[in-house]
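Residue numbers (the working numbering), protein chains in the order written: chain A, 1 to 388; chain B, 1001 to 1530.
Hints in this document: simulated from the structure, not taken from any laboratory.
Note that the structure is a prediction, hence the values are computed from the model and not measured.
Every residue, glycine too, gets a C-beta built ideally from N, C-alpha and C.
Mixed in with the good hints there might be a few duds.
Unchecked claim - Chain A is faced by these chain B residues, among others (derived, beta-carbon under 8 Å):
# : residue
1 : E1294
2 : L1354
3 : R1411
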Amino acid sequence: MSVELRPLGDRCNIQCRYCYQEGTRHAAAAAPRYSLPGMLAALEELGEPFVLFGGEALLVRDEDLETLFAYGLEQHGINAIQTNGALIEAHHIDLFRRYRVRVGISLDGPGELNLARWAGSAGRTRRATARAEAALDRLCREGLAPSVIVTLHRGNAAGERLALLAGWIRHLHAIGVQRVRLHLLEVDTHNDSQGLRLNDAENLHALRSLRQLESELPGLRFDLFREMRDMLLARDAVSSCVWQACDSYATRGVRGVEGGGERSNCGRTHKGGVAYLAAPRRGYERQLALYATPQERGGCAGCRFFLMCKGNCPGTALEGDWRLRSEHCATWYGLFEDLETELAAAGEQPLSQSPRRAACEAELTALWQAGLDESLQSLTRRLGVAAA
Amino acid sequence: MSLRLLRLPLAIGAPAPRLQLAAPRLAWAGRVMQATWTPRFEAVRAALLAVELEQLAQGAISASAVDCLAGDVSALTALLRPRELAAIPLGAYAAAPPDSADPAAVVLNYRFALVRRERLPLLVEALAADDLERLLQLAAFPACCRAALVRALAAGEDLPLAIHAHGAASAAGPASWDSPAFSAAGAASGSGPASAASSALAAGPAAAVNAAASPIEANALLQPLGIAAVAHVPCSAACTASQALGCERLERGSAAGHAQAMAHLRAALAWPASYSQRNGIAEVQTAALRLVQESARREPQLTYRWHPAAAASIAAGGGADAAVADRTADTGSASPIAAGHSAGVAAIAADTDLDNPAAADYGFASLHAWRMRQAAVVWEQSRRLRGGGSFIDLACGDGYLLQLVEAETRRLSVFGLDRSEAQIARAQRRLPHRSLCLRHGDIAGLAAQAPAGGYDFALLRPEDLLPLPEPERRHSLRTVFGAARQVLAYASDQALRRHGSLGGLLTAAGLAATRTPAAADISAEVQPLP
Ligand SMILES: C[S@@+](CC[C@H](N)C(=O)[O-])C[C@H]1O[C@@H](n2cnc3c(N)ncnc32)[C@H](O)[C@@H]1O
Ligand code: SF4
């Protein structure tokens, strides 16, 4: 679970061509509310560590950033920010150090590989990319190595570009980056993501190549592979939202706090450009339907990886319809198979191969029917199912 | 008080074992919508209940039903007593409390049939006999709607109310609404059969699109929330009997002092709305909210229905109400981003300039390391550069750093020098508009090329001077400082390794920083050591 604080809502200094927020950004009729006390009150009520998010969080004025970081440090001993990196200045790095801010920078690669993260013109995009790269480099030199989010698409992971991306990640490793988060492109109709999508084979090829790269780079981890492996072993206590039976009416993986302190849903499910407010309670209609619906109809019936994947993020659902499984199914499936084979070869038993898998599925779907949920870790323990 | 009117006086469990009665989950399309419509819905529900109770009391209908939380039973009783009405429990079902986020929290919802005291025996008899037909008759369902619902339930329909109504409506085709009340509502949303043809919702190959639109559809869509002009479940969008009853009810409500609530109801029924059912999940979307209901049946069937007005009115950013300000829309292919689509993708398809093999010659392990260093130098010096002026990179390589300097502000004109002809050629390709200012050569020739008044900035790699014999090095430095007002220096990875730090490199080259650099700096303004 993460709390995303979005002080300025979707507002951003750049306009990534594929950004899932473009729909709500362009449709917004009124400026979002902004109230520092409102945000602090909402954070207080939630009582959990938060990530400064956006849009672009560094558009917030410095005094307010400092107030928010000071609050985070006092309450939780730690802070986090997710940024496109282009606005980072020396004084921000100073704040990051003083307030123990873990920095995540989104960059899809060097130079042209990052062109989809468009800043309005070729020149401005080049500058924004270079500034983000420079800030990343600087943070590493200051001993504050950020994590990096790379979204895979035609501009950075197709054909020969994949090798360039890999070379760049090698360099990130050399300067001290330890965590890279990989996103598969989420395709929306309200932005340019269609033209950037990789097909399943290309996505799988890219992920397999990067996984190979990971084995050559001691100390650098792509969160994705470790998480998927952990899911197969029913170790899902800290897995990310996409594996956690997300409900687009009340995204639990991501809970947003807006600039006026209002609660919001994860923007990835705002398909029609409408930022629906979170429904008060979660539901599992999607997972239950997927479990029972044949795969040729957009469901997951019969898939041995269903317990781990659960149809994945509704924001990536086929046809943009949250009721269907993720359009990246074939990619996840291929990767789960790779990991499963390796685990089995290493003498471990992935849950997908457990003779008690059906029992676990029955238990979990029964819980969902009752509006409840449980981690695989606790469920397998309770049922005495050995995984791992 | 939370009472929800659903005129289905059927015992829970039978004869409609799987008819979904619980209120659907709802999400508002923004806080303005929520703030505006939550109280209006409350008012509409209260008014509809009052109208229903009056109709029961007057004998216009014999039976109805409400859902009621335990805490509201006494309030309900208080409403029934003066009207000589009785309530018969039809059963209870557990559901999450409407506003609780706690997944474990459930409350009991009671369903009561409401009936005039003297007609109590009739209702009890019909309930005891599980006589669905009779029960619906007591609830004043028109014959056609009665038959349709009996048929649907016998066929094992287990769908939410809206879906049932839609299943029936899809077969029936477009309606024509002549009643003043309804056509007013229709006009407000710009809907109607005439615009039906323009409606199309891309919904995948399995989609069955039915563009028929009528207030009865909206009625069916919001009915699970208790927001409906027609109290029974209409058999189709074209049902004239239902239409007449709906109109009558709206008028009755207005006449009974609920004019405002009825106006809100009319507005809600005029919302563009879509309904779809897929793999057993039904979803209704309107400009103000969306709601979802699950059904046990996992039909592949995909039925999208869309009020023709929806696309147009949403795209225009408008709607039935001023509160629509909070509504956001899918602007589709007309979006400004889409306009840039082809340009963006074309640019992305172009070759990269990430193929320069010369990094090692410049003291870096990889092109990425070299480029990132150049980006870091510009980042560190950015503030200084934004003032503008002329800038020369004395080892410009393929011109990447100059390109970044140019991007800082238009007020900078850039010049480059490099000992490699091949690199200058690359730089000229990168910066064709500065072609004449990018020259092959070394520092010795700098003075001859300098613009009148010299450069504002010169960027030096001190490590390039170290291999030179002492007099030549000193001469080079004199040349640089003679040609530029501010001299900036940076180090390659190789030089940093060799000299421990930027400071170490500067000293070795006979230079000093004008101000002590920060520990992480890899560039500085420099001056010659005395
Ligand atoms: C919406 S941004 C907000 C925070 C900040 N502006 C940033 O860029 O990191 C959060 C993350 O979502 C990613 N993202 C945006 N649109 C996406 C899409 N269509 N598919 C996959 N990831 C996407 C971005 O690349 C970024 O890493
Ligand atoms: S919509 Fe996707 S990203 Fe958002 S919380 Fe759900 S799973 Fe996570």
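Checked hints:
Interface restraint check for E1294(B): the shortest CB-CB distance to chain A comes to about 4 Å, inside 8 Å, so the restraint holds. Taking 8 Å as the C-beta cut-off, the interface hint given for L1354(B) holds, the closest approach to chain A being about 5 Å. Interface hint at R1411(B): violated, since its Cβ lies 14 Å from the closest Cβ of chain A, which is beyond the 8 Å cut-off.
Hint violations for this structure: number 3 only, all remaining hints satisfied.
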